[in-house]
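Novice: Last residue of the sequence shown? That's 183 in the numbering used here, and every number before it is there in order.
These are computed hints drawn from the structure, not numbers from a lab. Quick caveat: nothing in here was measured; it's all calculated off a predicted structure. Be aware that a few hints might be false.
Here are the simulated lysine-lysine pairs, DSBU-like style, with alpha carbons at most 30 Å apart [unchecked claim]:
1) 34 <-> 132
2) 29 <-> 132
3) 159 <-> 29
4) 159 <-> 34
5) 132 <-> 32
Simulated DEER-style distance windows between Cβ atoms [what the hints assert, rightly or not]:
6) 157 <-> 84: 15 to 25 Å
7) 156 <-> 4: 16 to 26 Å
8) 99 <-> 26: 31 to 41 Å
9) 164 <-> 111: 30 to 40 Å
Note that beta-carbon positions come from the ideal geometry of N, C-alpha and C, so glycine has one too.
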Amino acid sequence: MATSVELRPYDAGVYNSLPDFSDVAQAFKTRKGKFFIRTVREIFLRHNVEASLGIGLVHRHFDLSAEERLVQDGNTSTPWTTEKFTQSHIIPSAWVFHNGALYPYEFEVVSEGTQAPDLPAAFLEELLAHLKANQYEQTLGINTYDGGPAYEEHTEGRKNILTLIQGDPANDHTAPATWGFFR
């Protein structure tokens with residue numbers, strides 16, 4: 001019988017324990033992770049979450065203090081203090097499995113009334129079991145997905161910037177960080 005995945009609140013220690021993008025991207029490439037992504041697709045489709053959720057490489061951009069959270073506003077993510085965080089409409093946009101629980105680790109500014117996507121318990125249980133069985137639970141996490149265009153990201157100091165990829169992303173020098181699924 002599957003164990004329920006506990007949804008935990010944000011923890012800066014969990015965020016700071018994540019690997020740098022270059023490290024996780026290289027490890028994923030070495031393990032030929034793009035082939036594993038195909039097996040994950042079936043879980044997203046089986047639970048009908050592909051319209052709002054995707055999967056991505058869990059990584060940090062820089063360290064955050066205990067009072068900070070990484071928040072995307074438009075195409076830029078910066079650290080927000082707890083005080084600023086509580087004054088805006090913010091929802092989680094990325095989650096990581098850590099010690100069998102699910103933690104949000106990145107957030108985004110959304111319009112008033114927008115809700116965080118549902119994270120069905122059966123979906124979380126099946127995804128975590130599949131990631132663990134294949135030793136990807138420290139590599140891949142859940143992110144919001146809206147079917148939009150592909151972006152590359154780069155970090156400048158304590159700012160992470162998304163730039164629309166022009167042309168075919170497969171011919172670009174960048175490494176994919178997130179995947180969405182379609183029927």
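Novice: State for each hint whether it applies.
Specialist: Now for the hints, and whether the structure bears them out:
1. 34 <-> 132: Roughly 17 Å separates the two Cα atoms, so the pair holds.
2. 29 <-> 132: 18 Å, holds
3. 159 <-> 29: 25 Å, holds
4. 159 <-> 34: Between residue 159 and residue 34 the Cα gap is close to 28 Å, so the pair holds against 30 Å.
5. 132 <-> 32: 16 Å, holds
6. 157 <-> 84: 15 to 25 Å: Holds, since residue 157 and residue 84 (Cβ atoms, about 18 Å apart) stay within the stated range.
7. 156 <-> 4: 16 to 26 Å: 40 Å, violated
8. 99 <-> 26: 31 to 41 Å: At 24 Å between Cβs, range violated.
9. 164 <-> 111: 30 to 40 Å: Given about 21 Å between the Cβ atoms, the range is violated.
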